[in-house]
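Engineer: Required output: the full structure, derived from the provided sequences and hints.
For what it's worth, my numbering labels the leading residue of the sequence shown as 1, then goes sequentially.
Simulated from the structure, these hints should not be mistaken for lab results.
One thing to keep in mind: the hints can contain errors.
What the hints assert, rightly or not - DEER-style ranges, computed between Cβ atoms: (1) T8 x A28: 26 to 32 Å; (2) P29 x G95: 36 to 42 Å; (3) A103 x D69: 28 to 34 Å; (4) D102 x M31: 26 to 32 Å.
Predicted model only: the values in this text are computed from it and were never measured.
Glycine included, each C-beta is placed from N, C-alpha and C at the ideal position.
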Amino acid sequence: MPTTSSETPVLDTLVAMTADSIDRCGLAPDMLILTRIAALAAMDAPALSYLTHLGPAMQENLTLGQLQDVLVAIAPIVGTARVMSAATHITEAFGVAIAVADAESMGDR
1 MPTTSSETPV LDTLVAMTAD SIDRCGLAPD MLILTRIAAL AAMDAPALSY LTHLGPAMQE
61 NLTLGQLQDV LVAIAPIVGT ARVMSAATHI TEAFGVAIAV ADAESMGDR
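Structural biologist: Laid out in structure tokens, this is it:
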């Protein structure tokens, strides 16, 4: 049975799975992120799941309007409860990202 010497084997596995799926996907990077946001909403994912996609979304210059458009597009399929939950979790993820950025900038002073 293989063992790992990493302090974060679960996180390491998730990162590897994500990298592998990106390498194997033919979608443009912005479409990949929007598709993942839709899947997260459909699964009622927690804010932390959205948080991991905010950096890549910003790197691809995705706008808040585009994220909202995704939620509007999937609302008839996943339902209003999931869409409202997703909107709340996305807002929470932005709050965490802002708090982390603020903490990091305070540490730089």
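Engineer: Run every hint past the structure and note whether it holds.
Structural biologist: Do the hints match the structure? See the list:
no. : hint                   : result
1   : T8 x A28: 26 to 32 Å   : holds (30 Å)
2   : P29 x G95: 36 to 42 Å  : violated (25 Å)
3   : A103 x D69: 28 to 34 Å : holds (31 Å)
4   : D102 x M31: 26 to 32 Å : holds (31 Å)
Of the numbered hints stated above, the single one contradicted by the structure is hint 2.
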